[in-house]
Amino acid sequence: MKSRAIKTLVSPLWGQNPINVQMLGICSALAVTIGLKAAIVMGLSMTFVLSASNTLISLMRKIIPKNIRLIVELAVISTLVILTDEFLRAYFYDISKQLSVFVGLIITNCIVLGRAEGFALSNPPHLAFLDGIGNGLGYGSVLIVVAFIRELFGSGTIFGIHVIPQAFYAAGYENMGFMLLAPAAFIIIGLLVWGGNVLRNRRSG
Amino acid sequence: MSDAMKSVVFAFAMCLVCGLLLTAASNSFSGLQKKNILLDRRKNILKAAGILDSAKKYTPKAIESLYAGNITIVGVAPDGRIVTGREALAPGGRVLPLYLYADEMGRVREYIIPIESNGLWGKIYGYLALESDGATIAGFTVYKHSETPGLGGEIEKAWFDRNFLGKKIVDQAGNFVSVKIAKGKAKQAVGKDRLVNYVDGISGATLTGSFLTKGLKRVLSEYEPVSLAFRENRLRCRITGDVPACGSTGGSDR
Numbered sequence: 092m093k094s095r096a097i098k099t100l101v102s103p104l105w106g107q108n109p110i111n112v113q114m115l116g117i118c119s120a121l122a123v124t125i126g127l128k129a130a131i132v133m134g135l136s137m138t139f140v141l142s143a144s145n146t147l148i149s150l151m152r153k154i155i156p157k158n159i160r161l162i163v164e165l166a167v168i169s170t171l172v173i174l175t176d177e178f179l180r181a182y183f184y185d186i187s188k189q190l191s192v193f194v195g196l197i198i199t200n201c202i203v204l205g206r207a208e209g210f211a212l213s214n215p216p217h218l219a220f221l222d223g224i225g226n227g228l229g230y231g232s233v234l235i236v237v238a239f240i241r242e243l244f245g246s247g248t249i250f251g252i253h254v255i256p257q258a259f260y261a262a263g264y265e266n267m268g269f270m271l272l273a274p275a276a277f278i279i280i281g282l283l284v285w286g287g288n289v290l291r292n293r294r295s296g
Numbered sequence: 074m075s076d077a078m079k080s081v082v083f084a085f086a087m088c089l090v091c092g093l094l095l096t097a098a099s100n101s102f103s104g105l106q107k108k109n110i111l112l113d114r115r116k117n118i119l120k121a122a123g124i125l126d127s128a129k130k131y132t133p134k135a136i137e138s139l140y141a142g143n144i145t146i147v148g149v150a151p152d153g154r155i156v157t158g159r160e161a162l163a164p165g166g167r168v169l170p171l172y173l174y175a176d177e178m179g180r181v182r183e184y185i186i187p188i189e190s191n192g193l194w195g196k197i198y199g200y201l202a203l204e205s206d207g208a209t210i211a212g213f214t215v216y217k218h219s220e221t222p223g224l225g226g227e228i229e230k231a232w233f234d235r236n237f238l239g240k241k242i243v244d245q246a247g248n249f250v251s252v253k254i255a256k257g258k259a260k261q262a263v264g265k266d267r268l269v270n271y272v273d274g275i276s277g278a279t280l281t282g283s284f285l286t287k288g289l290k291r292v293l294s295e296y297e298p299v300s301l302a303f304r305e306n307r308l309r310c311r312i313t314g315d316v317p318a319c320g321s322t323g324g325s326d327r
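Sequence order for the protein chains is A and B.
The first sequence lines up with residues 92 to 296 when you count with my numbering.
The second sequence lines up with residues 74 to 327 when you count with my numbering.
These are computed hints drawn from the structure, not numbers from a lab.
Treat the hints loosely; a few may be bogus.
[What the hints assert, rightly or not] Okay, the calculated beta carbon distance ranges per label pair:
1. A/267 - B/94: 18 to 26 Å
2. A/199 - B/103: 37 to 45 Å
3. A/260 - B/232: 41 to 49 Å
4. A/158 - B/126: 52 to 60 Å
5. A/258 - B/194: 42 to 50 Å
[Said to hold, decoys possible] Under the rule of at most 20 Å between Cα atoms (straight-line distance), these lysine to aspartate or glutamate pairs were calculated in the EDC-like manner:
6. A/98 - A/208
7. B/290 - B/206
8. B/108 - A/208
9. A/153 - B/76
10. B/107 - A/208
11. B/290 - B/189
12. B/258 - B/273
13. A/188 - B/227
14. B/230 - A/185
15. A/128 - B/113
16. B/258 - B/305
17. B/107 - B/137
18. A/188 - B/113
19. B/217 - A/185
20. B/108 - B/76
21. B/134 - A/185
22. B/130 - A/185
23. A/157 - B/76
24. B/129 - A/208
25. A/188 - B/189
Computed from a predicted structure; not experimentally measured.
Ideal Cβ placement from N, Cα and C applies to all residues, glycine included.
Using the sequences and the hints, build the whole thing.
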């Protein structure tokens, strides 16, 4: 029993990672990874929405009428997302402006509905909660890695603080403007997928 | 209960619970959100005026004190006179809001015009700061829009806003022409003589650019009487403390 809980929590972090393995939620991963701060807030928002929606849907799994199942799931998810959006706008206004539509678009993120349909409907609440946390963190961790690379090479900063010494710039180093564009995230995610697959195959083979 | 009935009841209960939750959240957060929006606008006025250093972070308190120390809000009458106090609030009068940025001596350095323009998907709101010569743009910011992120959404980015610096709203003969967003790079789109009225466009966002061009022209035409007064050096403003004293002719000040 215990090992199942741990497996549920850990497998989305690496072996079943929603972005790198299941290729879900790529759109927002391209858009919000210019800076680390926005990426972390997005990862946390996603973790909150996923774990809460998984838990609620799992709690109701026996009373949800089968024919309106998807509508109910979407209602739960959208309510949670709007709550998150309102909260960010009240307490983290700058970041919420930066994330713009992408918090609202968590509603349409395939990861959330996918986990609700594929896991929460057929598992007890505590496992569904752990699955939500695991998938949220799995999503967030990829965002953070991508954002770290993009912010470091694109703006020369980490969390908005300059880390590349001035001497580098004096010697002719320039920030890569390309890193700030969405295609850069696409390429980085592609490389991460490749690296991940190589590692996983080596272990299994 | 039949299955269909059960679904209807469940859906109804679901809607009720979600609706209540959202109403409660919206009510309890709205105060803070309004405060944030006001602060964000003030920050954008300061940014347009070039008072804020974009590389630095400012606390809400610092922004409030910079705003209070530098910016005065006044009204502009249709004839270009600057009005304050009761006259500005008079009903039926078509008085436009204007922000003045004064130096320590109380002389007006820049005036800041609130921009409201149509965009591709919704309204675009921002500020345009003009120098006291009534012709040169000192800054531009956008604080609210619904353009596509990554395309039209770039209008709120610093690189786009920087384009406006030093551009003119008058042509070389001194006639009002507004400032326009070029299709692509301004250098390739228009001749050298008109370059001063054009800023670089955003690739992939031609429509946003043309909407903003129209919006800027409309707003700047409305404010043209006061810009003209600044250009002809007819405005004599002294701002002491929070009270602006403006005469609209040069005669009385001599």
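Open item on the list: Tell me the hint numbers this structure goes against, listed in increasing order.
Closed with: 1, 2, 3, 8, 10, 16, 20 and 24
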